[in-house]
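Participant: Protein chains in written order, with the numbering used here: chain A, 11 to 316; chain B, 12 to 340.
Everything labelled a hint here was simulated from the structure, so no lab data went into it.
Watch out, some of these pointers could steer you wrong.
Some chain A residues close to chain B (C-beta under 7 angstroms, calculated; not the full set) [said to hold, decoys possible]:
| hint | residue |
| --- | --- |
| 1 | W26 |
| 2 | G161 |
| 3 | A165 |
| 4 | P169 |
| 5 | A251 |
| 6 | V286 |
| 7 | I291 |
| 8 | A294 |
Simulated restraints on C-beta separations [as the list claims (entries may be wrong)]:
| hint | chain 1 | residue 1 | chain 2 | residue 2 | range |
| --- | --- | --- | --- | --- | --- |
| 9 | B | K251 | A | A37 | 47 to 55 angstroms |
| 10 | B | N252 | A | A198 | 40 to 48 angstroms |
| 11 | A | P261 | B | L160 | 22 to 30 angstroms |
| 12 | A | A18 | B | Q280 | 57 to 65 angstroms |
| 13 | A | L167 | B | V28 | 47 to 55 angstroms |
| 14 | B | I13 | A | L221 | 41 to 49 angstroms |
| 15 | A | M36 | B | A141 | 18 to 26 angstroms |
| 16 | B | N252 | A | L217 | 31 to 39 angstroms |
| 17 | B | D179 | A | L167 | 39 to 47 angstroms |
| 18 | A | R174 | B | L160 | 46 to 54 angstroms |
| 19 | B | R19 | A | K206 | 32 to 40 angstroms |
Here chain B is said to cover these stretches of chain A; the calculated rule only asks that three of the stretch's residues, wherever they fall, bring their Cβ under 8 angstroms from a Cβ of chain B [to be verified]:
| hint | stretch |
| --- | --- |
| 20 | 42-48 |
| 21 | 117-131 |
| 22 | 229-237 |
The beta-carbon is built from N, C-alpha and C at its ideal position, and this holds for glycine as well.
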Amino acid sequence: MAAAGMLARALDSDIWHSFRSSPATMAAALTATGMILAAILAPWIAPQNPWDPGALQLIDAFNPPVWSSEGSWQFVLGTDDQGRDMLSAILYGLRVSLTVGVFAVLFAMVVGIAVGLIAGYAGGWAEIVIMRLADVQLTFPTILIALMIDGVTRALLPPDVHARLALFVLVFAIGISNWVQYARTVRASTLVEKSKEYVQAARVIGLHPVLIMLKHVLPNVIGPVLVIATVGLAVAVLTEATLSFLGVGVPPTQPSLGTLIRIGNNFLFSGEWWIVIFPGITLAALVLAVNLLGDWLRDALNPKLR
Amino acid sequence: MIAYVVERLFQSLLVLVTVALVSFAVFQYVGDPVQQMIGQDTSPEDVQRMRANLGLDQPVMLQFARFLGNVVTGNFGVSLRTVKPVGELLAERLPATLELAGMAGLFALVFAIPLGVLTGLRPRHWLSRALMAVSLVGISLPTFLIGILLILLFGVVLKWLPTFGRGDVVQIGFWSTGLLTISGWKSIILPAITLGLFQLTLTMRLVRAEMLEVLRTDYIKFARARGLTNRAVNFGHALKNTLIPVITIMGLQIGGLIAFSIITETVFQWPGMGLLFLQAIQFADIPVMSTYLLLIALFFVGINLAVDLLYYLVDPRLRADRGAPERGL
Numbered sequence: 011m012a013a014a015g016m017l018a019r020a021l022d023s024d025i026w027h028s029f030r031s032s033p034a035t036m037a038a039a040l041t042a043t044g045m046i047l048a049a050i051l052a053p054w055i056a057p058q059n060p061w062d063p064g065a066l067q068l069i070d071a072f073n074p075p076v077w078s079s080e081g082s083w084q085f086v087l088g089t090d091d092q093g094r095d096m097l098s099a100i101l102y103g104l105r106v107s108l109t110v111g112v113f114a115v116l117f118a119m120v121v122g123i124a125v126g127l128i129a130g131y132a133g134g135w136a137e138i139v140i141m142r143l144a145d146v147q148l149t150f151p152t153i154l155i156a157l158m159i160d161g162v163t164r165a166l167l168p169p170d171v172h173a174r175l176a177l178f179v180l181v182f183a184i185g186i187s188n189w190v191q192y193a194r195t196v197r198a199s200t201l202v203e204k205s206k207e208y209v210q211a212a213r214v215i216g217l218h219p220v221l222i223m224l225k226h227v228l229p230n231v232i233g234p235v236l237v238i239a240t241v242g243l244a245v246a247v248l249t250e251a252t253l254s255f256l257g258v259g260v261p262p263t264q265p266s267l268g269t270l271i272r273i274g275n276n277f278l279f280s281g282e283w284w285i286v287i288f289p290g291i292t293l294a295a296l297v298l299a300v301n302l303l304g305d306w307l308r309d310a311l312n313p314k315l316r
Numbered sequence: 012m013i014a015y016v017v018e019r020l021f022q023s024l025l026v027l028v029t030v031a032l033v034s035f036a037v038f039q040y041v042g043d044p045v046q047q048m049i050g051q052d053t054s055p056e057d058v059q060r061m062r063a064n065l066g067l068d069q070p071v072m073l074q075f076a077r078f079l080g081n082v083v084t085g086n087f088g089v090s091l092r093t094v095k096p097v098g099e100l101l102a103e104r105l106p107a108t109l110e111l112a113g114m115a116g117l118f119a120l121v122f123a124i125p126l127g128v129l130t131g132l133r134p135r136h137w138l139s140r141a142l143m144a145v146s147l148v149g150i151s152l153p154t155f156l157i158g159i160l161l162i163l164l165f166g167v168v169l170k171w172l173p174t175f176g177r178g179d180v181v182q183i184g185f186w187s188t189g190l191l192t193i194s195g196w197k198s199i200i201l202p203a204i205t206l207g208l209f210q211l212t213l214t215m216r217l218v219r220a221e222m223l224e225v226l227r228t229d230y231i232k233f234a235r236a237r238g239l240t241n242r243a244v245n246f247g248h249a250l251k252n253t254l255i256p257v258i259t260i261m262g263l264q265i266g267g268l269i270a271f272s273i274i275t276e277t278v279f280q281w282p283g284m285g286l287l288f289l290q291a292i293q294f295a296d297i298p299v300m301s302t303y304l305l306l307i308a309l310f311f312v313g314i315n316l317a318v319d320l321l322y323y324l325v326d327p328r329l330r331a332d333r334g335a336p337e338r339g340l
């Protein structure tokens, strides 16, 4: 009964109405949901396991997509130079791209929120150091910072260890290059919340500052963070794709969308356009859908624009 | 005014020192240079002597001071990969990157302002709507994908333009330019469009948003009430006032152009600094990496400072307020 009531209330809310009145947003939501589902279900819906070298046949290499005269239904979107089915490779690649993207956003969020809360709540030297650091980092584009972190880890770790840890390094590099936005937003809202009565009351009854920050301030500053995180996912996926395309991201044994585009780029001049175009379209559609959703969410949650 | 300039200068210096510190730390402690020099039968005494020669046995602050001294005198160490002085390597590559970034910025500016004005003045016109939709797609397409699509269309299918390298270059003193030969011009078209497209869409949307904002203000209504021509109102009053934030963003984007040229240079095999930096990352060539970082920091800080000061000159309201303005982005 309570669940039904909540559903009814949700269906009558402003956000749902603004969602229903924007066809582009609905299309974006549909695309994004579809892609996320496809990524999660990849091992079950993909026609082939593209990561298993034993399943690949070199004789199947460079098959064009099904609608060209030499195409076949076995490989709907064609195959690459190793006989890998492009559709399966894209589904698995989507999985890698989204995994790295989601974890990078989570990492950036956790770091940004923690640092932002401390800067806003504690003030003093901690605040000065943190915000100065944020200013310095903001001077540089995120892609440059992510590249730099990747380069340094490459110098620190032996090559085989680096290859094994590639995904973690990526999550770390992309996360670290994006924490500033979260920290700034959280600090600004924390400064506002700090002076409110409920925080003062919590302080008076002697709660530990960490407890106040986490249980009382955090729930009140988390809203804008979620909006940033939506657009942040698009940025993270793009950064991952760019790094992988540049050859410093996901290794080609378990390719992400960016790695697939990098591989396909080698066959641009020999006429096998499908190896690069299909992963490219998938990546562009994913980023566009997430961007549209983020834009809509920002406007829908902004009371000034209603 | 002086207080503002001094404060800005101080902040820029702080950024540079921080970056120098990071750069120094990476340079000095990642990949021990002595480890790379010694062979299997080097005695511990020799290792000690090498350390002393490189100054690695001295206090950290002294080492940092010497690092700064080296940087200021243009001594950036030797590339581990090519065994050439890093300063020389970067100087060779600098003209290619600056020419590419310059052409990309010019391309973005030339198209962005008229298109932004058009979409701002006629927001409901079908052309404006089409431009806005295309620009959203443009923002979502990653740079490297745009480059690949352009290569596919103009290089592979139509065969109109070259798809890699700079074409023929002419050496003028230390500067090698591709802008004096026909093949050089042909070669720069696709990379410049690739690099500039994001800036174009961003600036166009910004000009549009600012135009819409300004056109709603009272002084525009008043200008119309005075019976001024549309041209005078739109371009003399409205456009002029939209340009303040546009200058800021464009200025900050110059730094972005140089950084993002890493990607464009990889796609088009453009022999610039970005390609050098990427190769340095793949080979863990620390001296090249840390020098590039320092150079980019210098660019960025210089541009930021210039933009801030320009802002101050362009916007009389800032001169009335004391204290620095909160900068967006």
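Participant: Are the hints correct? Go through all of them and say.
Facilitator: Hint check results:
1. W26: At about 24 angstroms, which exceeds the 7 angstroms cut-off, the nearest Cβ of chain B leaves the hint on W26 of chain A violated.
2. G161: Nearest chain B Cβ about 4 angstroms off; hint holds.
3. A165: 4 angstroms, holds
4. P169: With a minimum Cβ separation of about 9 angstroms from chain B (threshold 7 angstroms), the hint on P169 of chain A is violated.
5. A251: With Cβ-Cβ at 6 angstroms, under 7 angstroms, it holds.
6. V286: Nearest chain B Cβ about 6 angstroms off; hint holds.
7. I291: Violated, because the Cβ-Cβ distance from I291 of chain A to chain B comes to roughly 9 angstroms (cut-off 7 angstroms).
8. A294: 5 angstroms, holds
9. B:K251 <-> A:A37: 47 to 55 angstroms: 39 angstroms, violated
10. B:N252 <-> A:A198: 40 to 48 angstroms: Given a distance of about 28 angstroms, which is not inside 40 to 48 angstroms, the answer is violated.
11. A:P261 <-> B:L160: 22 to 30 angstroms: 25 angstroms, holds
12. A:A18 <-> B:Q280: 57 to 65 angstroms: 60 angstroms, holds
13. A:L167 <-> B:V28: 47 to 55 angstroms: Between L167 of chain A and V28 of chain B, where Cβ atoms are some 29 angstroms apart, the hint is violated.
14. B:I13 <-> A:L221: 41 to 49 angstroms: This hint holds: roughly 48 angstroms between Cβ atoms.
15. A:M36 <-> B:A141: 18 to 26 angstroms: The hinted range 18 to 26 angstroms holds for M36 of chain A and A141 of chain B, with Cβ atoms some 21 angstroms apart.
16. B:N252 <-> A:L217: 31 to 39 angstroms: 51 angstroms Cβ-Cβ, so the 31 to 39 angstroms window is violated.
17. B:D179 <-> A:L167: 39 to 47 angstroms: Holds: the Cβ-Cβ distance is about 42 angstroms, inside 39 to 47 angstroms.
18. A:R174 <-> B:L160: 46 to 54 angstroms: 34 angstroms, violated
19. B:R19 <-> A:K206: 32 to 40 angstroms: 35 angstroms, holds
20. 42-48: violated (count 0)
21. 117-131: That given contact is violated, which follows from only 0 residues of the stretch 117-131 of chain A lying within Cβ reach (below 8 angstroms) of chain B.
22. 229-237: violated (count 0)
Violated hints, in rising order: 1, 4, 7, 9, 10, 13, 16, 18, 20, 21, 22; the structure is consistent with all others.
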